[in-house]
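Work the whole structure out from these sequences, hints included.
So the chains spell out like this:
Number of protein chains: 2
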Amino acid sequence: MIISVGTIGLDTTRTPFKTVEKVLGGAATYSGLSASFFSKTGLVGIIGKDFPEKYYKTLRERLDLSGIKIDKKGKTFFYDSTFDYGFTKRKSNITELNVIKDFILKLPDDYIKADYVYLANNDPDQNLKALEQVDKPKLTVCDTIEYWIINKKEKVKKMMSSVDVVVLNDDEIRLMCKEPNLIKAAKKILSWGSKYVIIKKGEHGSLLVYDDFVFPASGYPMEDVVDPTGAGDSFAGGFLGHISKKGKLNEHVLKEAVIYGNVMGSFAVEDFSVNRFLTLKMEDIEERYQKYRNIVRF
Amino acid sequence: MIISVGTIGLDTTRTPFKTVEKVLGGAATYSGLSASFFSKTGLVGIIGKDFPEKYYKTLRERLDLSGIKIDKKGKTFFYDSTFDYGFTKRKSNITELNVIKDFILKLPDDYIKADYVYLANNDPDQNLKALEQVDKPKLTVCDTIEYWIINKKEKVKKMMSSVDVVVLNDDEIRLMCKEPNLIKAAKKILSWGSKYVIIKKGEHGSLLVYDDFVFPASGYPMEDVVDPTGAGDSFAGGFLGHISKKGKLNEHVLKEAVIYGNVMGSFAVEDFSVNRFLTLKMEDIEERYQKYRNIVRF
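Residue numbers (the numbering used here), protein chains in the order written: chain A, 703 to 1000; chain B, 703 to 1000.
Any given hint might turn out to be false.
Unchecked claim - DSS-like, lysine-lysine: derived pairs with alpha carbons at most 27 angstroms apart:
1. B:880 x A:793
2. B:903 x A:791
3. A:903 x B:903
4. B:720 x A:791
5. A:890 x B:903
6. B:889 x A:993
7. B:903 x A:993
8. B:720 x B:859
9. B:950 x A:957
10. A:791 x B:880
11. B:993 x A:993
12. B:791 x A:880
13. B:886 x A:903
14. B:720 x B:771
15. B:886 x A:793
16. B:897 x A:886
17. A:775 x A:756
18. B:774 x A:889
19. B:890 x A:720
20. A:759 x A:803
21. A:791 x B:957
22. A:890 x B:815
23. A:791 x B:815
24. B:889 x A:889
25. B:880 x A:903
26. B:886 x A:720
27. B:840 x B:897
28. A:791 x B:950
29. A:957 x B:993
30. A:880 x B:793
31. B:859 x A:993
32. B:948 x A:903
33. A:903 x B:791
34. B:957 x A:903
35. B:720 x A:993
36. B:815 x B:947
37. A:886 x B:815
38. B:957 x A:993
39. A:791 x B:886
40. A:903 x B:771
Don't read these hints as lab results, they were simulated from the structure.
All figures in this text were calculated on a predicted structure; none of them were measured in a lab.
Right, dumping it as structure tokens:
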């Protein structure tokens, strides 16, 4: 089983072409739904009384929700942001932590034996607490964001040294390591204790680094991006999903997992919210994986 | 035969780690030396009385120089620039056009029958004049820079519509097309008349676009960049060099040529000026090509 720990929230997303209000979002939501195509996946997080029934139904049909706490007095995490014309920059307008603020994370008994754990971009203290509760997982993955790197750098470092795989984007790793070269930065993170670092580079794809091994993967060519929200978490879901499905880890599986991650990210951005995942089928994923393979082969 | 048309100059390059003064540089120099590993290559350009004999000797040993005019009264093109800590931004300090300013480009008789033509980032009017003089070339390639896009946009467009391959970087194509999506921007350029567009993305590799075909290629992973000057022109030299060596053009050769381009760019940045090319051997190029192939294979 995979567990995806993090925000389950409501997003208002403004692009130059369209705005959607209070749609289903959150890092754990994207990674969980993405992973659910590959393996049984559970969500860990908290929602409020205002969380729409239809979104709960969407999640329940695809995921195990025994790790979700419902706070009947509070409001769901809410994030309002605006993308620029080129979808390269995002401006945060409103971030309401709401029920997440005082959430005391406790895993259900089933989840303690989870083999695969994704810790999304939460407070590193909360991620570390989740990690403590899991009993001998096969692979643990964490992400983070600029906010925690700036405000809780030592705890982020501790979290990164406690997992197997650190996933983060190029700006974040440069900020975290104060090193402009991505490979050098990745090796710095590896020196803290994790086994693998994956740098997400948006349209430019990703870079997997471990020991002296580097695997650069181009982004899947996209002409029509609708909403980049959740691409990185969907990447992580596909990555962990494929490894979980294979049940083993070697160089070959790792590379495949990175490509499945890229593919899942490419689907996520084709529509607002998690909408693309609601109609997606495993055969679509396999078809794009093969198409990607043919495109980059030379 | 390949001809490489453009600047042959002297560079003062300042990096946070070292500064080199009045070293051999220029777009035609980089592309020409890069192409010379694959096929016979001639340079077209102008130099002044101050052009050091040792640099002339370096060029003469590797290239046909009958297309170089020496202006005994003038000074060689000079460019002084500073790179930032991450080698991602370059600041121009001094640009002295000198002998290039009033250069009337006339190809030697031999060059009129050149099969492969690279028009570096010169004045598009000058590039168009060079193009007019070549008799039925097999493949023509042009590059440009921000300066010409801003100051002579219509002429840049005319040049782009007159060649087979347009090579330019991601910032330039976005500026030229006022379109943030790179594939859409490439298709816009293709609609003007060229057959192929290659977008250079520095450390993120490149994107080849033609018809409905997209070939994204990751950058060769580099931990130690010394001087990024000339990477793009070296890319073009390797690209054209491989096609010239193969003597034919199909999807397979095109993809290979892009990878040889990336490989030549990766060598160029390993040392200041064109120094890396002076010790490089074809077997080093083949070795890195194979290494790249193994790295990206999955």
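How the hints compare with the structure:
| no. | hint | in the structure |
| --- | --- | --- |
| 1 | B:880 x A:793 | holds (21 angstroms) |
| 2 | B:903 x A:791 | holds (18 angstroms) |
| 3 | A:903 x B:903 | holds (12 angstroms) |
| 4 | B:720 x A:791 | violated (33 angstroms) |
| 5 | A:890 x B:903 | holds (25 angstroms) |
| 6 | B:889 x A:993 | holds (20 angstroms) |
| 7 | B:903 x A:993 | holds (22 angstroms) |
| 8 | B:720 x B:859 | violated (38 angstroms) |
| 9 | B:950 x A:957 | violated (33 angstroms) |
| 10 | A:791 x B:880 | holds (16 angstroms) |
| 11 | B:993 x A:993 | holds (23 angstroms) |
| 12 | B:791 x A:880 | holds (16 angstroms) |
| 13 | B:886 x A:903 | holds (20 angstroms) |
| 14 | B:720 x B:771 | violated (32 angstroms) |
| 15 | B:886 x A:793 | holds (24 angstroms) |
| 16 | B:897 x A:886 | violated (38 angstroms) |
| 17 | A:775 x A:756 | holds (19 angstroms) |
| 18 | B:774 x A:889 | violated (52 angstroms) |
| 19 | B:890 x A:720 | holds (24 angstroms) |
| 20 | A:759 x A:803 | holds (24 angstroms) |
| 21 | A:791 x B:957 | violated (31 angstroms) |
| 22 | A:890 x B:815 | violated (53 angstroms) |
| 23 | A:791 x B:815 | violated (48 angstroms) |
| 24 | B:889 x A:889 | violated (38 angstroms) |
| 25 | B:880 x A:903 | holds (22 angstroms) |
| 26 | B:886 x A:720 | holds (20 angstroms) |
| 27 | B:840 x B:897 | holds (13 angstroms) |
| 28 | A:791 x B:950 | violated (42 angstroms) |
| 29 | A:957 x B:993 | holds (16 angstroms) |
| 30 | A:880 x B:793 | holds (21 angstroms) |
| 31 | B:859 x A:993 | violated (33 angstroms) |
| 32 | B:948 x A:903 | violated (34 angstroms) |
| 33 | A:903 x B:791 | holds (18 angstroms) |
| 34 | B:957 x A:903 | holds (22 angstroms) |
| 35 | B:720 x A:993 | violated (45 angstroms) |
| 36 | B:815 x B:947 | holds (17 angstroms) |
| 37 | A:886 x B:815 | violated (47 angstroms) |
| 38 | B:957 x A:993 | holds (16 angstroms) |
| 39 | A:791 x B:886 | holds (19 angstroms) |
| 40 | A:903 x B:771 | violated (45 angstroms) |
Of the numbered hints listed earlier, those contradicted by the structure are 4, 8, 9, 14, 16, 18, 21, 22, 23, 24, 28, 31, 32, 35, 37 and 40.
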